[in-house]
Amino acid sequence: MSDFTPDAIRNIAFVGHGGSGKTTISEYLLYSAGEINRIGTIAEGNTTSDFNPNEIERQISIAASPLHFTWKNVKVNLLDTPGYSDFIGSVKASLHVVDTAIAVIKSAEGVEVGTESAWEYVQKQEIPAVIMVNKIDNEHSNFDNAVEMAKERLSHDVAVVSFPVTEGINFNSVIDVIKMKMFTVTDPKSKKATEADIPAEHLEKANQLREELIEKVAESTEDLMDKFFEEGTLSDEDLARGLKNAIIARTVIPLFAVS
3 MSDFTPDAIR NIAFVGHGGS GKTTISEYLL YSAGEINRIG TIAEGNTTSD
53 FNPNEIERQI SIAASPLHFT WKNVKVNLLD TPGYSDFIGS VKASLHVVDT
103 AIAVIKSAEG VEVGTESAWE YVQKQEIPAV IMVNKIDNEH SNFDNAVEMA
153 KERLSHDVAV VSFPVTEGIN FNSVIDVIKM KMFTVTDPKS KKATEADIPA
203 EHLEKANQLR EELIEKVAES TEDLMDKFFE EGTLSDEDLA RGLKNAIIAR
253 TVIPLFAVS
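In this note's numbering, the protein residues as written are 3 to 261.
Derived from the structure by calculation, the hints contain no laboratory data. Here the structure is a predicted model, which is why all the values come from computation and not from measurement. Hints should not be assumed to be uniformly reliable.
Unchecked claim - Listed next, with one range per pair, are the computed distances between beta-carbon atoms: (1) Q61 / E141: 16 to 22 Å; (2) D225 / L205: 26 to 32 Å; (3) K74 / G234: 28 to 34 Å; (4) D225 / G91: 53 to 59 Å; (5) Q210 / E128: 26 to 32 Å.
We put the CB at the ideal spot given by N, CA and C, even for glycine.
Sequences and hints are given; from them, build the entire structure.
In structure tokens, the structure reads:
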């Protein structure tokens, strides 16, 4: 058993409306980190976190499930919380013991009532937060609409960090506006993504979202704001460091495209 210093431990809670995909994302994280050797599904009742007989029968999370894995020499303690209002007490309790909350919303439906309820407690506890827009492979996916709903209903400090190249059943690639690269996964069970240059038809949107992210990060400290005004942008190093600090300070809420 490895020993981890406090600075190498992250405590995270997944929150969001029921059915948003928190349990499935948790399963893929455990698999990608090598903690499990197969990916369970809710339909088959063999996911790591939904082990309670009632959860298996109803195919929903009833209580928060503690999970853990190691990623790049950091221990991640993850709480997969239930999404339905009947079990909001479990969400509240979880948010008292984590460093970061990740709100998972569906690309087709956007921000739903369960997410808004959980978000109220995230704000009350003043916890740094991240948003994942999930299920982009849904035929009714509308990523841009989900982003706008997140800005309107959750926070105006939301900034897109990655966006899908395509949506619906052909979704397999995202564009990272920090690294300014496209990442593609052709096999859902693959632990690695293929990196490539951003296609020309998506470059304008990538540059626009990167500029919006830089402006948000620059606003977080006077030092970065001065650099932004002097140079008109931020270096990759300043952006990465500034984003980390802005997340901790809760002045920027990064949003990622996942599925």
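| request: If any of the earlier hints don't hold here, list their numbers in rising order. | output: 4
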